[in-house]
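Asker: Spelled out from the first residue to the last, the chains are:
Number of protein chains: 2
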Amino acid sequence: VSFLAHLQAVVSQVDGALACSVMGFDGIPVETFQDQAAADLDLGTTWVEYAAVLAQLKNAAPLLKTGGVAEVSINTEKVITVMRLVSPDYFVVLALKPDGNYGKGRYALRIAAPKIRDEL
Amino acid sequence: VSFLAHLQAVVSQVDGALACSVMGFDGIPVETFQDQAAADLDLGTTWVEYAAVLAQLKNAAPLLKTGGVAEVSINTEKVITVMRLVSPDYFVVLALKPDGNYGKGRYALRIAAPKIRDEL
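In the order they appear, the protein sequences are chains A and B.
All residue numbers for the first sequence refer to our numbering, where the first residue is 1 and numbers rise by one.
All residue numbers for the second sequence refer to our numbering, where the first residue is 1 and numbers rise by one.
Take these hints with a grain of salt, some might be off.
Which copy? The list can't say, so a pair holds if one copy fits it or any two copies do.
[Said to hold, decoys possible] Straight-line Cα separation of at most 27 angstroms, DSSO-like style, residue types lysine-lysine; simulated pairs: (1) K97 / K65; (2) K65 / K78; (3) K78 / K115; (4) K78 / K58; (5) K115 / K104; (6) K58 / K115; (7) K78 / K104.
Treat the hints as calculated values from the structure; they're not laboratory data.
Since the model is a prediction, treat every value here as computed from it, not as a measurement.
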């Protein structure tokens, strides 16, 4: 089982992609592919925080009249982050430069999510 | 002071837009424009939950190495929601149909945010 090929495929096909990871809702990555150009970027703290947000939204879903959460994006001045649920226990996260191809990033995660799910 | 014109302008220029609101981080709307076609849609519970998420991210920002959160998007099977910070106390939120024009929605909020801030 190798998630890494899927994660690397996402990063390589999306302009401005920095890193892509499969992680649990505790924010601990199962596997990460980080672009060498982004090696200095410490995404760990941010991802733990974002994972907590995603977990909160997942747990709130039964209360909401707008359906279960499928995708969340959190954008700061420095990094665009797109997350997509893969299974009840895992999600995939993609970090992009602020001028990266956001639409392509969302699309790439949508395509990758079922492939990653099949390998979990 | 009327936010309503700005909110209505956002909804009218974005295909698939359902409602646009200025609200505090407690999830209480200051002003809302909801498309008549979406009058049945109860967004209140969802927005209170999303406001809590946004508040959590705003408070966590000093801890994160990726900068302050400017925009958050939460997408379910039924509704796409884009939120953008307007001031330390308020944000603007746009709800769209799942097939609505997401990119245009983000753009419209980016343009509307400073105009709304000027009126707060």
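Asker: A separate judgement is required for each hint: does it hold in the structure or not?
Answerer: Going down the list of hints, with the structure as the test:
| no. | hint | verdict |
| --- | --- | --- |
| 1 | K97 / K65 | between (33 angstroms within a copy, 14 angstroms between copies) |
| 2 | K65 / K78 | between (33 angstroms within a copy, 9 angstroms between copies) |
| 3 | K78 / K115 | between (29 angstroms within a copy, 24 angstroms between copies) |
| 4 | K78 / K58 | both (26 angstroms within a copy, 15 angstroms between copies) |
| 5 | K115 / K104 | within (17 angstroms within a copy, 30 angstroms between copies) |
| 6 | K58 / K115 | within (21 angstroms within a copy, 33 angstroms between copies) |
| 7 | K78 / K104 | both (18 angstroms within a copy, 21 angstroms between copies) |
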